[in-house]
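Novice: These protein sequence lines map, in sequence, to chains H and G. Take 1 as the starting number for the first sequence in the working numbering and just add one per residue. Take 131 as the starting number for the second sequence in the working numbering and just add one per residue.
Since the hints were derived computationally from the structure, they do not count as laboratory data. The reader is advised that the hints may include incorrect statements.
If you want the footprint, here are the derived chain H segments under chain G, 3+ residues with CB under 8 Å [claimed, not checked]: (1) 8-14; (2) 18-25; (3) 73-86.
The calculated DSS-like cross-link candidates involving lysine-lysine, where the alpha carbons are at most 30 Å apart (straight line), are [unchecked claim]: (4) H/K102 - H/K5; (5) G/K284 - H/K75; (6) G/K297 - H/K102; (7) G/K352 - H/K96; (8) H/K28 - G/K393.
Even glycine gets a Cβ: it sits at the ideal position worked out from N, Cα and C.
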Amino acid sequence: MDTFKLEILTPNGEIYNGDAVSVVLPGKEGEFGVLSGHASLTTLLEAGVVDIEKEDKSVESIVVNWGVVQVDEEKVVILVEGAAAIRGETESEIAKALEEAKELINEIADASPAIATVSARIESAAQRLI
Amino acid sequence: MANLKDIQRQIKSVSNTQKTTRAMKLVSTAKLRRAEELAKRSRLYAQKMNQVIAEIAGRIECSKIGGLENRCFTEIENPKMVDIIFVTADKGLCGGFNIQTIKAVNKLLKEYKEKNVKVRLRGIGKKGIEYFKYNEVEMFDTVRNLSSKPDKTKSDEFIITSFEDYKEGKIDSIHIVYNGYKNMITQELHVNKILPVDVTNFDCEKIQSKSMMEVEAEDEEKMLDSLVEKYINYNMYYSLIDSVAAEHSARMQAMDTATNNAKEMVKNLNVQYNKARQAAITTELIEIISGVESMK
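Sequences and hints are given; from them, build the entire structure.
Specialist: Shown next as structure tokens:
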């Protein structure tokens with residue numbers, strides 16, 4: 001399967017940098033997926049979950065609160081204001097990541113209708129890992 | 131030759147100063163490590179952000195997508211009023227760190243004066259503010275205690291005034307002048323024109339070879355606005371954290387030099403002290419000998 005380079009940057013450093021098979025992004029006008037070879041595109045992201053499918057078919061979820069994404073044929077760069085990755089080896093680590101992600105989402109007061117759906121998706125992402 | 135007590139007093143005072151400067155150096159080193167870490171982590175983000183903005187600006191300039199006109203991306207001819215924001219430290223004792231920024235601001239002021247452009251000077255950091263106040267240069271507003279402790283909310287509040295005025299057309303350009311961190315021993319002066327976004331270096335050919343950029347049609351104005359807002363907010367904040375890192379590295383270096391100078395001075399004073407002591411002993415001996423001689 002073709003892969004592309006994916007970079008997710010926050011003001012506090014890189015949160016993801018590596019190859020991905022596909023990525024699903026919470027765009028301003030709805031969710032959209034990107035595969036390798038996607039046409040160039042620049043758009044804004046809303047608060048939501050970024051799902052990254054990696055080469056080994058595992059899916060990693062990263063919660064973001066705002067962002068801008070720049071897609072071109074060979075790579076995708078996502079700049080986000082705040083992000084929390086839901087990952088971890090043990091159950092307690094996952095729980096901690098989950099807590100962080102929820103905190104991040106709760107900080108955005110004005111996107112309230114979206115919060116419920118996002119929270120639900122975070123939960124399910126964590127469930128998958130456990 | 132100065133008497134012994136005076137020299138002794140001087141040696142003591144110099145070595146006390148040396149203790150202070152050494153302590154300050156250690157404090158700066160510790161602070162630098164933290165500030166440097168922060169600046170380094172944000173650097174990548176800031177660079178990418180600027181790249182994205184530059185690319186959008188370039189594409190707008192080159193292809194005029196959908197007749198998109200935005201004040202932030204078009205070079206304004208004959209500017210009437212510009213904003214200059216400078217960032218200096220709140221404290222001194224850091225070598226030429228502040229003065230370099232001030233010099234750059236002065237140069238910019240002069241350039242604009244020659245072109246008959248009004249300048250609105252906005253200051254961050256006590257040292258710069260004090261300088262311009264003393265020289266009776268008018269400042270639009272000033273903020274203290276922000277450059278030593280960068281705070282995202284405060285920096286957003288500060289820059290928003292300029293951005294709003296820019297959008298309304300009150301000002302035609304925004305510059306940020308600050309001294310940034312390059313490595314442990316060098317600082318790099320930045321004079322950044324953040325608005326309008328510079329498109330002069332943009333290569334249109336390169337873009338055309340790539341596929342077209344798609345901009346969501348519905349509210350592209352809004353999208354660009356919010357993007358530009360993030361861009362300048364982040365630029366302001368990044369200037370602050372970069373400046374803090376540079377300040378600490380400059381202070382560390384200045385204090386290191388001061389410590390070394392003090393060491394040198396103590397060494398010289400010690401030589402002087404020994405000479406004076408020897409001289410005193412010699413005089414005493416001569417006195418005794420001549421006393422004995424005269425008694426014979």
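Novice: Now tell me, hint by hint, if it's right for this structure.
Specialist: Hint-by-hint comparison with the structure:
| no. | hint | verdict |
| --- | --- | --- |
| 1 | 8-14 | holds (count 6) |
| 2 | 18-25 | violated (count 0) |
| 3 | 73-86 | holds (count 4) |
| 4 | H/K102 - H/K5 | 27 Å, holds |
| 5 | G/K284 - H/K75 | 35 Å, violated |
| 6 | G/K297 - H/K102 | 35 Å, violated |
| 7 | G/K352 - H/K96 | 36 Å, violated |
| 8 | H/K28 - G/K393 | 63 Å, violated |
Checked against the numbered hints above, the structure violates hints 2, 5, 6, 7, 8; every other hint is satisfied.
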